[in-house]
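Novice: One line per chain: the protein sequences are E and F, in this order. Count along the first sequence from 1, add 44, and you get the number used in the working numbering. Count along the second sequence from 1, add 709, and you get the number used in the working numbering.
Any given hint might turn out to be false.
So, partial list: chain E residues that the calculated Cβ filter (under 7 Å) puts toward chain F [what the hints assert, rightly or not]:
| # | residue |
| --- | --- |
| 1 | 71 |
| 2 | 72 |
| 3 | 162 |
| 4 | 167 |
| 5 | 168 |
| 6 | 170 |
| 7 | 173 |
| 8 | 174 |
| 9 | 180 |
| 10 | 183 |
| 11 | 185 |
| 12 | 187 |
| 13 | 189 |
Simulated from the structure, these hints should not be mistaken for laboratory data. Note that CB positions come from ideal geometry on N, CA and C, so glycine has one too.
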Amino acid sequence: MSQQIDFEFNKLHDSVHKTIGLSKLEVEIIDSKSFQRLRNIKQLSLVHYVFPGADYSRFSHSLGACHLAGKLFDAMYKNPTEEQIKLKQKIRLAGLLHDIGHYPFSHTTEDAIKQYINKAPNAMSGLVKKGETATETSFSAQRYLDHENIGSKILDHNKEIRYLRKKWDRSDRNIEFIY
Amino acid sequence: MDGPQIRLKLVLDLLGLSSNVSTLQNRIRIQKAIFLAKYSGVDLGYSYNWYVHGPYSPELTSDYYDMDNDISHGDSDYKNYELTPTLVSSLEKVKQIIEMPSGVDLTKTEWMELLSSIIYWINSTTDESKTKTILAKQKSGLCENSNYDIALKMLKENNFLPS
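Bound conformation, chain E alone (with noise of 0.2 Å):
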């Protein structure tokens, strides 16, 4: 990765945070069909059926979040080193991705999927009723996957994205230590 990195290489406006500026790295990600997705889920679920106005998208809050932690950065160091500016990109790309394994619809669909999983016959694995004999000769509990951890799969598995932390010459571990 170039030694320069250019924070503002794009930029777009946020209802929030106003003018945004983005690294190339990040208007790449910004435009792969996993970040993209984003658009389409609503920061607050399904509550903007109810408050129509409540429509701020995963996609914009990534955004934010994205611009705040280059902010939080700018706010430690007065005047960064080369080292300090890579930092800075993953701090920001921190927040960029913290969102994206979320599920369609959000939280809501995530809770149900936990209360699928948490039912499921092979939930009561390690237990055995008062009174029965264990059966088990092993021990496996499922869990389900809350969206930070398809988020980790995302960044791990995605073609797209995987391509994308080759290019910018990213070593796994850096990226997903952050996130």
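Guided by the hints, dock chain F onto chain E, whose structure is given.
Specialist: Relative to the frame of chain E, chain F by itself:
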């Protein structure tokens, strides 16, 4: 109560830990106990990040608040179940290691935090000396005197670390 909450309650009972989540100390102990259980072979399926007090799982947080909420509303489903013998025997290792050995000047919560933090970083860096450097910097209070060396020795002796 669903399976995960019942299992969590029974694991905590077996380890002699409180399932009351109203204090930070208790919540830290639950986080670390379940983390240690994972490395003793009882993986309850939680994933962990590095946080202020060492390895932390947001999903576990969600489950122990659900468990606490169910119990405080009179749900006593867990009383109808017990852990399978396989699980009980695997958890024995955790029960032993969370008991502080002599020569360690930490609280039990801090001891569990130190053990878990060592496992976390050794698995992340695969390097013992890096782990010691990181923890000496981030958790200097826990690593004072011979605490770190004792914890590392016990983790090795009890096979909590990758060989």
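Novice: Decide, hint by hint, whether the structure agrees.
Specialist: Right, here's what the structure says about each hint:
Checking residue 71 of chain E against chain F by beta carbon gives a least distance of about 28 Å; that is not within 7 Å, so the hint is violated. Residue-level restraint check for residue 72 of chain E is violated (minimum Cβ-Cβ distance to chain F is 26 Å; threshold 7 Å). Evaluation of the residue 162 of chain E hint against chain F yields a held restraint, the C-beta minimum of about 4 Å falling below 7 Å. Interface restraint check for residue 167 of chain E: the shortest CB-CB distance to chain F comes to about 3 Å, inside 7 Å, so the restraint holds.
Hint status for residue 168 of chain E relative to chain F: holds, with the closest Cβ pair at about 4 Å, below 7 Å. Of the supplied interface hints, the one on residue 170 of chain E holds, with its beta-carbon coming within about 5 Å of a beta-carbon of chain F, less than 7 Å. Hint status for residue 173 of chain E relative to chain F: holds, with the closest Cβ pair at about 6 Å, below 7 Å. The closest approach between the C-beta of residue 174 of chain E and any C-beta of chain F is roughly 6 Å, which is under the 7 Å cut-off, so the hint is satisfied.
Look at residue 180 of chain E: its Cβ gets to within about 5 Å of chain F, closer than 7 Å, so that hint holds up. Annotation: residue 183 of chain E was flagged as interfacial toward chain F, and the flag holds, the nearest CB pair being 6 Å apart, inside 7 Å. Taken as an interface hint, residue 185 of chain E checks out: its beta carbon lies about 4 Å from the nearest beta carbon of chain F, inside 7 Å. For residue 187 of chain E, the interface hint holds, the least distance from its beta-carbon to any beta-carbon of chain F being 3 Å, beneath 7 Å.
With a least beta-carbon distance of about 9 Å to chain F, the hint placing residue 189 of chain E at the interface is violated under the 7 Å criterion.
Hint compliance for this structure: hints 1, 2, 13 are not met, and every other hint is.
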